[in-house]
Amino acid sequence: MLKLTLRRLLVAIPTLILVSLIVFSLQKLLPGDPLLTMAGEERDPEVLAFLREKYRLDDPFHVQYLAWLGNVLTGDFGRSLRTGVPVSTLIAQKLPVTLQLAVMAIVLALLIGIPAGILSAVKKGTATDYAANVVALSGVSIPNFWLGIILIMVVSVQWQLLPASGYVPPTENFLQSLRTMLMPSFVLATALAAYLMRHTRSAMLGVLSSDYIRTAKAKGLLPKTVILKHALRNALMPIVTLTTLLFGELLAGAVLTEQVFTIPGFGKLIVDAVFTRDYAVVQGVVLCTAVGFIFMNLVADLLYVVINPRLRHPQ
Amino acid sequence: MSQTTALTDTGSAPADLGASEPVLAVENFALTFSANAPANLIDGISFTVERGKTLCIVGESGCGKSVTSLALMGLLSSPPARILSGTARFEGRDLFSLPEREKVNLRGNGMAMIFQEPMTSLNPAFTVGHQIAEGITRHRGLPKAEARREALRMLEWVRIPAAAKRLDAYPHQLSGGMRQRVMIAMALANRPRLLIADEPTTALDVTIQAQILDLIRHIQEETGTAVILITHDLGVVAEVADRVAVMYAGHIVEQGSVSEIFANPQHPYTIGLFGSIPSLGRRQGQLATIKGAVPPLDLMPKGCRFAPRCPFADRRCMDEVPPAAELAEGHSVACWYAPIEEKMGTRQ
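One line per chain: the protein sequences are A and B, in this order. 1 is the number of the first residue of the first sequence in this note's numbering; add one for each residue after it. 1 is the number of the first residue of the second sequence in this note's numbering; add one for each residue after it.
Just so you know, these hints were derived from the structure itself, not from any lab. Careful, some of the hints might be misleading.
What the hints assert, rightly or not - Cut-off 27 Å, straight-line C-alpha distance, at most; resulting in silico cross-link-like pairs (DSSO-like, lysine-lysine): (1) A/229 <-> B/165; (2) B/165 <-> B/144; (3) B/103 <-> A/123; (4) A/268 <-> A/28; (5) B/103 <-> A/229; (6) B/302 <-> B/291.
Please build the complete structure, drawing on both the sequences and the hints.
Right, here's the structure in full:
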């Protein structure tokens with residue numbers, strides 16, 4: 001297991017280098033000049049020249065890239081061109097928020113999607129199955145920002161059950177933090193739960209008709225053992241794949257949902273940075289997100305091995 | 001017939017039946033997969049299996065052998081399967097009217113089954129030791145360590161070499177023959193009184209086939225388990241059967257002791273089935289192969305289902321189902337013209 005982990009980590013290195021290269025060169029290809037913003041209204045050529053010198057913008061591409069990469073490797077993502085705050089500080093501020101939102105959303109989605117998927121597979125063709133499918137379809141179709149607004153109106157304004165917006169760090173008040181994040185994570189979870197439900201259903205249907213499930217029944221195992229142990233275990237592969245992918249996506253931030261609930265997360269950070277051409281911030285956040293994705297892929301690879309003994313013990 | 005009639009009212013019958021009472025007595029069992037099917041998939045079959053004996057159900061694919069065994073185990077999903085009539089008394093209790101919870105308790109315990117597909121019948125996600133121990137824990141409530149020891153004993157019993165090492169092997173690490181041995185160990189782990197083996201050797205090499213059959217026979221001698229062996233391989237039948245039931249398109253057309261069926265087959269289908277075996281000597285030439293195919297359900301004749309392919313069939317065969325007539329002790333044939341040599345002699 002350790003050897004495999006190390007091997008997967010090694011394989012991740014070229015991917016990371018490629019990602020950093022793309023992130024860096026995209027900046028150079030984008031239209032617009034951040035220096036114009038920085039230099040202020042006057043656009044004094046001397047100031048511009050000073051800035052070009054300061055940020056070494058006249059160096060050849062590869063020199064700039066290597067310098068940037070070297071800094072990144074020491075945890076220095078540069079400073080925001082707009083506010084001068086170090087990018088690493090910004091990320092350190094926003095990442096926990098997005099991470100909490102992502103974890104809560106994925107947990108909710110799993111709690112809803114997997115049981116619903118199992119149920120609709122086991123009760124295939126019955127009213128339960130159809131009901132689950134209709135709910136899932138609505139979950140995918142209803143736009144998150146709309147659902148968010150409706151929930152705020154009903155749950156926060158009318159019933160006054162949960163706070164409508166804001167963010168409380170869990171270290172400050174754990175329960176209040178969960179309460180604040182519950183609605184936004186539920187909004188995010190609806191679509192994810194629907195995907196998970198559909199995938200769980202089809203994976204379970206495939207497994208339930210297999211010979212070894214017949215064997216499990218012939219052994220006299222109780223239906224719940226047959227379904228939750230023998231069938232679910234073998235249906236987990238596609239579920240793991242999807243869950244890790246969805247989680248990676250959540251790490252990139254949920255722009256609309258964060259906007260509706262005014263959550264100071266990654267989504268808001270990157271949108272603001274793009275609009276103000278705050279290159280350093282965009283680079284840092286995109287790189288961070290990419291690392292998150294690569295990490296989730298690694299997690300998926302390792303989980304496959306845990307789930308599937310055929311990968312652990314070759315013939 | 002008299003024997004099975006006596007069985008249906010065991011409540012009032014004296015206990016002296018005990019010794020000869022079959023482990024399983026199926027009576028007039030009929031099943032369909034669709035309410036408006038033109039004919040029943042299984043259409044009123046009856047047979048019995050006795051303690052320590054092997055009943056072979058033979059017939060070509062699609063005749064209902066496997067469906068019958070799955071129905072007995074309660075492994076057919078219903079709907080679509082629907083049992084229309086009949087009883088299946090297992091140790092006196094009717095399997096078809098047993099509540100689901102009791103049936104679950106019986107499966108893998110009182111009666112067990114092994115399947116045709118050893119390569120896919122074991123769960124790839126768990127070790128074979130775990131899969132055997134699981135059934136032991138389920139039915140006998142043994143603690144984990146003890147169930148594991150028992151699983152090891154079972155693996156040794158089905159003659160798996162280096163059994164202790166295999167206990168922690170996953171199915172994909174074992175060959176087909178080994179996997180079938182594991183299936184047998186799993187099925188027999190709780191000492192069932194009835195073992196249903198649905199073509200257990202079809203997917204295996206010939207040498208492995210012989211070993212597996214040998215193993216089943218050996219185990220049967222040791223435990224007195226009754227066995228229903230489903231096969232289309234007459235070589236297997238000759239080797240292991242005590243009794244033979246010949247199925248054709250959802251009917252049992254003939255049944256009797258293995259020696260009777262091999263030496264003196266009476267139903268034209270049985271004769272055709274056995275006709276290609278050279279050692280049986282000269283049979284009527286036109287029966288050596290059976291012409292035509294099993295008719296689909298919507299073309300199934302009202303009478304004898306073999307009639308469209310039978311060289312002797314006439315009007316009555318098409319219209320009326322021939323009753324099973326007992327020609328000799330335990331040898332019954334469902335044919336209007338049985339015994340065939342006599343009857344056909346008079347007609348010509």
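Run the structure past the numbered hints and jot down the numbers of the failing ones, going up. none
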